[in-house]
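**Q** Sequence:
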Amino acid sequence: MNEDFEIIDKKQLPSTAELKNEGKEKTEEGRWSVPILSLAKKASENLALSYGNALKSASLVGFISKPVSNDNTAKTSARCHAMEERANLMNMMKLSIRTLIQAALSLGRTLDSDFPPLQQFFVVLEHCLKHGLKVKKTFIGQNKSFFGPLELVEKLCPEASDIATSVKNLPELKTAVGRGRAWLYLALMQKKLADYLKVLLDHKHLLSEFYEPDALMMEEEGAVIVGLLVGLNVIDANLCLKGEDLDSQVGVIDFSLYLKETQDSDGKQDGGITAVLDQKHYVEELNRHLSCTVADLQNKIDCLEKTNSKLQEELAAATDRIGSLQEEQQQLKQQNELIRERSEKSVEVTKEDTKVELDTYKQSRQGLDEMYSDVWKQLKEEKKIRLELEKELELQIGMKTEMEIAMKLLEKDTHEKQDTLVALRQQLEDVKAINLQMFHKSQNAESSLQQKTEAISSFEEKTNEIMSSMKQMEERLQQAEKARQAAEERCNKMKQELAGRLDTCRQQMSQMDSKCSTLEKELKSEKEQRQTLQRELHQEKDAATLLKTELQQMEGLKKELRKLQDEKQQLEKVCEEQEQALQEMGLHLSQSKLKMEDIKEVNKALKGHTWLKDDEATHCKQCEKEFSISRRKHHCRNCGDIFCNTCSSNELALPSYPKPVRVCDTCHTLLLQRCSSNAS
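The sequence shown lines up with residues 1 to 680 when you count with the UniProt record's numbering.
Since the hints were derived computationally from the structure, they do not count as laboratory data. Hints should not be assumed to be uniformly reliable.
Said to hold, decoys possible - Label pairs and their computed distance ranges (CB to CB): (1) Glu624 to Leu670: 18 to 28 Å; (2) Lys527 to Gln363: 17 to 27 Å; (3) Arg425 to Glu522: 43 to 53 Å; (4) Ala581 to Gln190: 23 to 33 Å; (5) Glu522 to Leu387: 18 to 28 Å; (6) Thr549 to Val375: 33 to 43 Å; (7) Lys515 to Leu387: 14 to 24 Å.
What the hints assert, rightly or not - Keeping only pairs whose Cα atoms sit at most 27 Å apart, straight-line, the calculated DSSO-like set for lysine-lysine is: (8) Lys174 to Lys130; (9) Lys462 to Lys384; (10) Lys432 to Lys412; (11) Lys408 to Lys471; (12) Lys471 to Lys495; (13) Lys432 to Lys471.
Ideal placement from N, C-alpha and C gives every residue a C-beta, glycine not left out.
Using the sequences and the accompanying hints, generate a full structural model.
**A** Here's what the structure looks like:
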């Protein structure tokens, strides 16, 4: 980029050659035997090379570049501007990390919050995290804070939960910017700032919610910065968050720190000695940390094996319980089917019995209704006949009174015929007695009214005959003695006829009494049958209630069956969940075992493999060919041995290197096997 920049005190800028000489002197004074330290060495060399370029581009952080020619479009200009900003920020981060490491090594590595290079490091890191942030609109206004992406670390890495809770519990922090700064302070004190940011970069699909596509954290520069932050694990920071106003701090980069003159040669020699001592202390701390991590991982493996055994026991118990529950369920199903069949059979039998009883009851009820209607009709007819007989008796009484009057007149008219009249009176008295007896008998024979009608009709005929005879007697009385003898004969005949007729009436009355007794017996028997039918109805009702209760019990049994089926489904779900949990635990165990093997291999590599010097190796370790001008020496970045170009032509990405590096054939095959096992 051919652009003009304004730089303060250009004379103070060191040249690139001097910076290279300084880097070479430091490399000759001490060598790092660990790949991480070699990474820091190369980073410091790269920082020295880019020192001048970074100071030139530092003034452009946050400013707009010169306008592009009219031929280019707005998109290309925006992309170029974003690329410039990312490059400038990355160079400033390199400078800040280099100055911070140098200052920490010279001061004993324990830094406070008032240390200026540390403050400038946080300012530059804040600018890097703010680059390309999306503006979020809220009810209060627009919000643009880098604390949002940092909150994702708690979800992705559970180890960062302590930092998040401690930041949220600080009462002095009221803004998101202050919380983000406090989070960075705590992560640096834990020496896990690079690890947390690496976790964020591994999940760029989550960062896309907070950053633009051309932001620094979304591009390769973010990975480079995370690799540079690994070197800060050498520093011990003691930062106090209480009492500091992190919300109102102004993040301005102070370039004067990077424009100071270099120290004297004596100071350089002292710095080299302190650097060697610091490297030694760092290696000791790293070995101690690795031993602690190995012990922790062994403890975790023991705990996982115990939990696995417990889970296997629980799984066996659960399978036994499931088998017992399935057997109980089958037994309950069989019992339920038997009960259901019995209940269905009993219901069918009771239904058939009730149908038959209802049919018989209906038939008997119809017969009783017909009998009752017939008896009721007979009673009505007998009542009508009784009323007619009473009327006829009243007429007979009136006729008797008329006859008495006529007899009295005859006595007055015919004194001569007193004897005949006395006889006639005796006959009339006899007739009256007979009539009185008939009246009493008619009262007693109300139930036999049909037969008495015939007797009454005969009596009417007789009374008519008597009336005719009375008229004849009156005519004969006028004739006097001539008709007297005929009347006596006729009276005798009438007596005989009346006696015969009285006998017939008595026989008819006895017959009517016998019929009444039979009818009463039939009524009693019908009443008894009706009572028995009512009892049978009550029994049928009781049986119906019992059937209803049995049906209710069947419904309760069905509900219990449904509950048992629901419990079975729940148990099956629990079993499936337990099986899934066991599968997941098996996967976790296999992964943890693989991780332990990886850690053991790394530990072996760290303990056994050393970085061979060029003078110590004269032949290739694999093909054992002698090195010459045409056959050059090459180090394997994994094991540290020296190989020729043909035996170390492979390249792989190692955890201590941000980019793919040279690896020998044996390490290449081992690392590929490990990657394939981890992927499976």
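**Q** Taking each numbered hint in turn, which are not upheld by the structure, reported in ascending numerical order?
**A** Those not satisfied: there are none.
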